[in-house]
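Participant: As a plain string of letters, each chain reads:
2 protein chains.
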Amino acid sequence: MVTTKNATLTASIDEVMMNVLNAFNEYKKILPEQKANFLETIANEIEALGDALINQACEETNLPATRLTGERARTTMQLRMFAAMVKEGSWVEASIDTAIPDRKPTPKPDLRKMLFPLGPVIVFGASNFPFAYSTAGGDTASALAAGCSVVVKAHPAHAKTSQMVYEAIKTAIEKCNMPANVFQHVHDEGFKTGKDLVQHPATAAVGFTGSLSGGKALYDYANERKNPIPVFSEMGSINPIIFFPDTLEKNNEALVKMYSGSVTLGMGQFCTNPGLMLAIESDALNIFLKNLSEEVSKFTPSKMLHEGIQKAYVEKMQKALSQKGVDVIKNIFHQSNGVAYPKIAFTSGETFLQNPTLHEEVFGPYSLMVKCKDINELKRVWMSVRGQLTTSLMGTDKDFNEYKNIIEEAKTIAGRIIFNHPPTGVEVCPSMMHGGPYPATTDSRFTAVGINSVKRWVRPVCFQNCPEYLLPEELKNNNPKKIWRLVNNHFTNGDVA
Amino acid sequence: MVTTKNATLTASIDEVMMNVLNAFNEYKKILPEQKANFLETIANEIEALGDALINQACEETNLPATRLTGERARTTMQLRMFAAMVKEGSWVEASIDTAIPDRKPTPKPDLRKMLFPLGPVIVFGASNFPFAYSTAGGDTASALAAGCSVVVKAHPAHAKTSQMVYEAIKTAIEKCNMPANVFQHVHDEGFKTGKDLVQHPATAAVGFTGSLSGGKALYDYANERKNPIPVFSEMGSINPIIFFPDTLEKNNEALVKMYSGSVTLGMGQFCTNPGLMLAIESDALNIFLKNLSEEVSKFTPSKMLHEGIQKAYVEKMQKALSQKGVDVIKNIFHQSNGVAYPKIAFTSGETFLQNPTLHEEVFGPYSLMVKCKDINELKRVWMSVRGQLTTSLMGTDKDFNEYKNIIEEAKTIAGRIIFNHPPTGVEVCPSMMHGGPYPATTDSRFTAVGINSVKRWVRPVCFQNCPEYLLPEELKNNNPKKIWRLVNNHFTNGDVA
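So the protein lines, in turn, are chains Z and W.
The letter at position 417 of the first sequence is residue 417 when you use this note's numbering, and the numbering goes up by one with no holes.
The letter at position 193 of the second sequence is residue 690 when you use this note's numbering, and the numbering goes up by one with no holes.
Be careful, since some hints might not be right.
[Said to hold, decoys possible] Simulated restraints on C-beta separations:
#	chain 1	residue 1	chain 2	residue 2	range
1	W	D685	Z	A84	29 to 35 Å
2	Z	A180	W	E804	40 to 46 Å
3	Z	Q34	W	H987	51 to 57 Å
[Unchecked claim] As a list, the in silico DSS-like pairs of lysine-lysine whose alpha-carbon atoms are at most 30 Å apart:
#	chain 1	residue 1	chain 2	residue 2
4	W	K827	Z	K379
5	W	K895	Z	K298
6	W	K973	Z	K108
7	Z	K104	W	K973
8	Z	K226	W	K667
9	Z	K108	W	K713
10	Z	K108	W	K895
11	W	K973	Z	K250
12	Z	K455	W	K713
13	W	K526	Z	K476
For the record, the hints were derived by calculation from the structure and aren't laboratory data.
By construction, the Cβ of each residue, glycine as well, lies at the ideal position given by its N, Cα and C atoms.
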């Protein structure tokens, strides 16, 4: 219930926020089954847009139709996954401790706790996922599942695609009889819009996917507020991959194939693009590097998401290549005929450790191999870039037995440790962790992918000695939906005896 | 592995932090059973200090021995509760999704995730809980349970008590063969010490209990860092209590007794002290207010925790009483013979809404009744102070039926909603939520009391396609400890088939 208007805010943002706050106050009371139906209907309405949506996204993003079709399927799958989660119901983490009235010296009260939605959530969609991390993407789906209302700031690089998805959501709102303003769509009005949205008194939390500078700015805006709010920014990552000696000896060819596929996938436009390789100097490493450079040079490039991204890629890549001590084996074009080319560079451990420019993300199909003198230098290089979404360990059992401590150290680097696989391909499932120590994300305790991403938009509320008839369904003694609850410190899906 | 020293840090803090970081790297590998034994041994060693500890605390805090004996029991109970949690093991939230190698179009990888400790935690103890929220209090116990090493900055108001507890922990470290520096103790060296501790590169998280200005300062220091870290500040709260009309009519006498006991308990030196009462004008309200003022005036006061707190109480109380439109029924002493007196004041809804000074916490046995014209004004008053640890609803079934929306609104105010009971008395159990919207705490998503407080010091790490022999015990297929895990989206305490 925000009653004061902040005079520095533009009138239209204030109107949007008051609408979405009023809608929240209705939406949060809606029953799980209705919320699940709403999420499923959004999925259906997006599918009903058919080829027109894919064509529009192709036009705006340069991404191929096959990729976009797959991404749309992931998007609707996510919506249905959250619908199933809401229907099942255990996600609210219900916890019940029953009273002990005759306890000495004081009676034990009855305490019951579960998760409730925070309030209106602002979502800043990603340029590189026009469906799965944009208008009806993971952040929106998880926030609506939590019971929050949502304002999406449309990404200017695919504003028309975003508008189409918004229309689909509007149809779903009408069909399901949801509060009309539970989802709001704001087109880019420049830099100030984002700040105004984050700093509006009605805003309760923020989700962002993009650059470190953008994500950090929103985080700072949120902390400047009279009441700071959580900001979940998923920012840059170079996803270091270690190639251990034995696997380089034994699996050289397979590694070249796997790695070249990963670094060039989708023109490298993924937060999980592998930007950094680490290995100890050896003949096998030289062969790997030569063959990888050769393999990558055969790749037929396509246009990147938009001109700005392609320009930034070429500039950052050139800057990295121009650093002292950085070299390439096969010097193909940087760009030609309007497309940019992938690039494999290499340098020494010493050079890398001394030059922070080489630690920066080059968003695109670029990867730097750091040839280290020994395992100690390799570890120093690895530790110098910690704060990553992922780190991959390519090794045989012999390697892992030789470098036993590596997993303990990997846990300090990243949110996900991958064995013998590149980081691209983020499985959507409960055990996924898509998030990592700063600056990979602003809050390493939460994932942006999978059902647990809903935990970003909720907080626990405890009811003490609440009459049974006033309790939320999830906290009543009877548990007809058989949700899992912690009752007197034991997990059970039964009733309270 | 922090290798760069920040030149602005004092040498001694840097030494402490490097020691506690090195200790963390050992401690985090220690088995659950050993960690549990360590926590239990701390509890035993604190008890072994016997009366000497109680006497020291009495001397430093002016709190009576009975209260301190009870608080010590709570402290050792908390340590044993976390020991039990660690031994049982389900707290790591293990989640397993097994592979589907033949899934089309791409194979599903094997993903397994659980919680791991963040790193060294800085704890700033509370002045008002020399045991339970100080050196070996809830923050320390939960951080050690999580696998974090801990630095406590001793509260200057009870530095000797803190030192004795530190010695007990040191003995436990030796007896249990823990890393020598897993727990460090820093005496106050002024304002800068706290800042240096929070901003040291090795620090991973911060726990604080105290004033809004102190908690906000630490929060801001943490956000100024190159890599921001979580700060859990538990700050002021005035814990509004609504007295509904029917209960005032029917239970006037009982309410007076209950409320007078709560507002004077421990000289009002609790974060859950009830500082604000709300009711609709009526004859019953006038009787309640008169009788409450009378009852409270009979209270025999004692010295507050220390002179500074007593001085602040009298000053803030006088400031509140001097505001236009604020009055008292029974004007007893503010202070006399070195002790301060409890005070019940009253004002109108209109006055309260217009004067922010009246919204501030007066730390001590003070409570303000806001006499509202009607339910709408009452709700406006209530909403104007949101961001509270607790809010209490005193009402009969008739009241709750008449004011049906009240619970929905209570959820936006506080972390805990209490029915027909004042907020003092914080039960330590899994369903407790001790935390609330800003400024009650800096992060409303976490509790500072109960086993879930461990969640402040951990983050999830996911293992993808990890060979079974490299997995942590909690994520292996076999589950001999029968911990509860989410396996392929179903809760089970069995093995992975």
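Participant: Each of the hints needs a verdict: does it hold here or not?
Facilitator: Hints versus structure:
no.: 1; hint: W:D685 x Z:A84: 29 to 35 Å; result: violated, 53 Å
no.: 2; hint: Z:A180 x W:E804: 40 to 46 Å; result: violated, 59 Å
no.: 3; hint: Z:Q34 x W:H987: 51 to 57 Å; result: violated, 25 Å
no.: 4; hint: W:K827 x Z:K379; result: violated, 71 Å
no.: 5; hint: W:K895 x Z:K298; result: violated, 78 Å
no.: 6; hint: W:K973 x Z:K108; result: violated, 38 Å
no.: 7; hint: Z:K104 x W:K973; result: violated, 43 Å
no.: 8; hint: Z:K226 x W:K667; result: violated, 41 Å
no.: 9; hint: Z:K108 x W:K713; result: violated, 33 Å
no.: 10; hint: Z:K108 x W:K895; result: holds, 26 Å
no.: 11; hint: W:K973 x Z:K250; result: holds, 28 Å
no.: 12; hint: Z:K455 x W:K713; result: holds, 24 Å
no.: 13; hint: W:K526 x Z:K476; result: violated, 40 Å
Comparing the model with each earlier hint shows violations of hints 1, 2, 3, 4, 5, 6, 7, 8, 9 and 13; every other hint is respected.
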